[in-house]
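Top line first, the protein sequences correspond to chains A and B.
Residue 632 in full-length UniProt numbering is what sits at position 632 of the first sequence, and the numbering runs on without skipping anything.
Residue 36 in full-length UniProt numbering is what sits at position 36 of the second sequence, and the numbering runs on without skipping anything.
Please note that a few of the clues may not be correct.
Listed below are the simulated DSS-like cross-link pairs for lysine-lysine, each with C-alpha atoms no more than 25 Å apart in a straight line [what the hints assert, rightly or not]:
id, chain 1, residue 1, chain 2, residue 2
1, A, K78, B, K109
2, A, K82, B, K18
3, A, K82, B, K133
Each pair of labels, with its calculated beta carbon distance range [said to hold, decoys possible]:
id, chain 1, residue 1, chain 2, residue 2, range
4, B, L14, A, R199, 30 to 38 Å
5, B, N76, A, T537, 34 to 42 Å
6, B, D139, A, M90, 30 to 38 Å
7, A, I139, B, L14, 58 to 66 Å
8, A, Q604, B, S24, 24 to 32 Å
9, B, E125, A, A403, 51 to 59 Å
10, B, M1, A, P297, 44 to 52 Å
Covered stretches of chain B (chain A as the covering partner; in silico rule of three or more C-beta atoms under 8 Å from a C-beta of chain A) [what the hints assert, rightly or not]:
id, region
11, 14-27
12, 80-92
13, 100-114
These are computed hints drawn from the structure, not numbers from a lab.
Where a beta carbon is used, it is the ideal one built from N, C-alpha and C, also for glycine.
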Amino acid sequence: MPAPIRLRELIRTIRTARTQAEEREMIQKECAAIRSSFREEDNTYRCRNVAKLLYMHMLGYPAHFGQLECLKLIASQKFTDKRIGYLGAMLLLDERQDLVPQLVRILKNLIMSGYSPEHDVSGISDPFLQVRILRLLRILGKGDDDSSEAMNDILAQVATNTETSKNVGNAILYETVLTIMDIKSESGLRVLAINILGRFLLNNDKNIRYVALTSLLKTVQTDHNAVQRHRSTIVDCLKDLDVSIKRRAMELSFALVNGNNIRGMMKELLYFLDSCDPDFKADCASGIFLAAEKYAPSKRWHIDTIMRVLTTAGSYVRDDSVPNLIQLITNSVEMHAYTVQRLYKALLDDISQQPLVQVASWCIGEYGDLLVSGQCEEEEPIQVSEDEVLDVLEGLLVSNLSAPVTRGYSLTAIMKLSTRFSSVNRIKKVVSIYGSSIDVELQQRAVEYNALFKKYDHMRPALLERMPIMEKTATNGPAEIVQTNGETDSTILDTKHLPSIIQPASQVGLSIQSSAHFRHLNNLTMYSASKCIPPMTAYNKNGIKIEFTFERANPNPNIAVITIHATNSTEADMTEFVFQAAVPKTFQLQLLSPSSNVVPALNQGSVTQVIRVLNPQKQQLRMRVKLTYTHKGSPVQDLAEVNNFPPQSWQ
Amino acid sequence: MMRFLLLFSRQGKLRLQKWFMAFSDRDKKKIIRDVTQMVLVRPPKSCNFLQWRDLKIVYRRYASLYFCCGLEQGDNELLTLELLHRYVELLDQYFGNVCELDIIFNFEKAYFILDEFIIGGEVQETSKASVAKSMEEADSLQETMEEYLNKPTY
Numbered sequence: 001m002p003a004p005i006r007l008r009e010l011i012r013t014i015r016t017a018r019t020q021a022e023e024r025e026m027i028q029k030e031c032a033a034i035r036s037s038f039r040e041e042d043n044t045y046r047c048r049n050v051a052k053l054l055y056m057h058m059l060g061y062p063a064h065f066g067q068l069e070c071l072k073l074i075a076s077q078k079f080t081d082k083r084i085g086y087l088g089a090m091l092l093l094d095e096r097q098d099l100v101p102q103l104v105r106i107l108k109n110l111i112m113s114g115y116s117p118e119h120d121v122s123g124i125s126d127p128f129l130q131v132r133i134l135r136l137l138r139i140l141g142k143g144d145d146d147s148s149e150a151m152n153d154i155l156a157q158v159a160t161n162t163e164t165s166k167n168v169g170n171a172i173l174y175e176t177v178l179t180i181m182d183i184k185s186e187s188g189l190r191v192l193a194i195n196i197l198g199r200f201l202l203n204n205d206k207n208i209r210y211v212a213l214t215s216l217l218k219t220v221q222t223d224h225n226a227v228q229r230h231r232s233t234i235v236d237c238l239k240d241l242d243v244s245i246k247r248r249a250m251e252l253s254f255a256l257v258n259g260n261n262i263r264g265m266m267k268e269l270l271y272f273l274d275s276c277d278p279d280f281k282a283d284c285a286s287g288i289f290l291a292a293e294k295y296a297p298s299k300r301w302h303i304d305t306i307m308r309v310l311t312t313a314g315s316y317v318r319d320d321s322v323p324n325l326i327q328l329i330t331n332s333v334e335m336h337a338y339t340v341q342r343l344y345k346a347l348l349d350d351i352s353q354q355p356l357v358q359v360a361s362w363c364i365g366e367y368g369d370l371l372v373s374g375q376c377e378e379e380e381p382i383q384v385s386e387d388e389v390l391d392v393l394e395g396l397l398v399s400n401l402s403a404p405v406t407r408g409y410s411l412t413a414i415m416k417l418s419t420r421f422s423s424v425n426r427i428k429k430v431v432s433i434y435g436s437s438i439d440v441e442l443q444q445r446a447v448e449y450n451a452l453f454k455k456y457d458h459m460r461p462a463l464l465e466r467m468p469i470m471e472k473t474a475t476n477g478p479a480e481i482v483q484t485n486g487e488t489d490s491t492i493l494d495t496k497h498l499p500s501i502i503q504p505a506s507q508v509g510l511s512i513q514s515s516a517h518f519r520h521l522n523n524l525t526m527y528s529a530s531k532c533i534p535p536m537t538a539y540n541k542n543g544i545k546i547e548f549t550f551e552r553a554n555p556n557p558n559i560a561v562i563t564i565h566a567t568n569s570t571e572a573d574m575t576e577f578v579f580q581a582a583v584p585k586t587f588q589l590q591l592l593s594p595s596s597n598v599v600p601a602l603n604q605g606s607v608t609q610v611i612r613v614l615n616p617q618k619q620q621l622r623m624r625v626k627l628t629y630t631h632k633g634s635p636v637q638d639l640a641e642v643n644n645f646p647p648q649s650w651q
Numbered sequence: 001m002m003r004f005l006l007l008f009s010r011q012g013k014l015r016l017q018k019w020f021m022a023f024s025d026r027d028k029k030k031i032i033r034d035v036t037q038m039v040l041v042r043p044p045k046s047c048n049f050l051q052w053r054d055l056k057i058v059y060r061r062y063a064s065l066y067f068c069c070g071l072e073q074g075d076n077e078l079l080t081l082e083l084l085h086r087y088v089e090l091l092d093q094y095f096g097n098v099c100e101l102d103i104i105f106n107f108e109k110a111y112f113i114l115d116e117f118i119i120g121g122e123v124q125e126t127s128k129a130s131v132a133k134s135m136e137e138a139d140s141l142q143e144t145m146e147e148y149l150n151k152p153t154y
């Protein structure tokens, strides 16, 4: 068989074809020649044939029979063969071939090939290629049991044999781990992968640590126990200097918390909260609250943990943690005295952290009697008098550090103490002072409380008594409270409405709801008003016709919007066209500018103009119109009355 | 990342196709057909960017060839224009005053140059000298082996 023609020859020949049919014929002939050449297992010209095949593939002809040949080229020793082989593999390979065994073979050869200077990096042969092949194996093995099984051995081999002293080796290991995680590998292999990640965590290079933490985060859902084994290393990463590593370690730590390790983990996490950057504090605090809620071993521990969070990162906690915390405290009945004591002590130290202050003032308002009575089982009871407590609460009211919301909390707390303390006069004085506060919220509260003292004093004890245990309703709670809030403003008769006071934010919710309601009603009125009003011809004389079309103006149903269309049926244009209108005294008229002042001849176009008529008394619409224009060189002027308005336009 | 890069003539004949994501044969043919048609009808002075399905198509005409690529939503189109220009410069540097015929007859070299420049849809080598050097080294490797084995190149 003669030597196959060269690639350039083929390209030249194909370009001489004058029709598509001619081209197809040439291609088919050449394909047949190439196919028989492949069958003969000809090493010398395989490269050339595959190159020609690639050209024909680019023209759009089928070339899948060359896929196997590409793999043979890749395995060849000659560089030219390899180059064309890889190009062919990139362009031709698809899912029709079963590739995994071949790729495994190639990967094995690469690893075993020893030193090849042009392809290697730090003693590892062609890492770019190894990683690419691993990625391809990952894609092929995802969800496919057979392929995954075929590649198990090679993955284990790569994982154990690769040198890890340099970054290159670690890069290959990383890709291997990702592949193992994504395919359906056996459990032994997965444990190997996680152990590799664990080893990464101890590496000095922070990139590798970061990569390990990210991968562990992905696998913690599926291989929870295996990752738990590395928990202490992960927790140590919390103390790392690098910000990204700290964040990953924090996320991973939260994912690893469970009932068994909660106490130890929480200690570490609280320490982390103390020392971390402000950006982390919010997320960390939320995470701690969630974890504490799920796994708290005891109520006291839970409350202690929350106190610790509030005192260290108090200004960074989310807004909804305050009501959640209050609910938690209310429900732990036996801890009331302990809680209020600790909160009081915290207040003495620092009144700048608003969530802490809000919770503390609420608790003091609720349980102030326990505070002054000095009965606490959990710890040493402190001696504090009613006046001291009131001093602290009043201090909150006047301090510049207190947010308006906090002031509200503290005023209500003072009021509640009027039924628990004996120094009622002092409380009355404070409340009456704030009756003229600039802050409207405070003023309203003070005025209502004043009214309570003066006119409804008999109801005061019942109103301000101890809160009942609240049902834990995550989403239902605020909605209920919003509905009752409207009534609270007018009559403060029912104890059950007190919860609304601790959630001032919900008042805003109600107003938003009501305005949405009105908008909805607006839409309804709009729909009923915009019925279709038929157009009418207002003027038709001397070849000029003026038609009126109607609309209702949106915000005001008393305004009729009329659009005039003026057309000209004569053979000459009407230029300098001006339309004027007058209405009776009870109406108001607004003329907007016309589209043009030339009315083209023979109805080729029209001039439009918008008129707005306000008709508040809903009288029958009448109009006098005056037209002026120039027609065939001479000026024309005309007056007319328009009385045939349809009734819908003014009713 | 870039999803694909296509080179085609003004008559719509494909000169180079590089896919950075896995597509089936049918999808590839459809994409080529649709994109080619869309780009060829564009008037000369119009904007170089198009929206097609969920991709941004960036194209530019150099002499008789259209260089066209499909980008994801997060990619920078202006930078991609620079990228296409850089590819043309690399081709020009290699072939010396490149024209469409060079790319037709040496399509495998065009692929090799592209692979030195872009991997996985992202630029991997920003140095022109580096790419030129790699191509030179690879070519010299080819020559010496062929000479030694006394076999003609394809």
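Against the structure, the hints:
no., hint, in the structure
1, K78(A) with K109(B), "holds, 17 Å"
2, K82(A) with K18(B), "holds, 19 Å"
3, K82(A) with K133(B), "holds, 19 Å"
4, L14(B) with R199(A): 30 to 38 Å, "violated, 48 Å"
5, N76(B) with T537(A): 34 to 42 Å, "violated, 59 Å"
6, D139(B) with M90(A): 30 to 38 Å, "violated, 19 Å"
7, I139(A) with L14(B): 58 to 66 Å, "violated, 26 Å"
8, Q604(A) with S24(B): 24 to 32 Å, "violated, 56 Å"
9, E125(B) with A403(A): 51 to 59 Å, "holds, 56 Å"
10, M1(B) with P297(A): 44 to 52 Å, "holds, 49 Å"
11, 14-27, "holds (count 7)"
12, 80-92, "violated (count 0)"
13, 100-114, "holds (count 6)"
Violated hints, listed in ascending order, are 4, 5, 6, 7, 8 and 12; each of the other numbered hints is respected by the structure.
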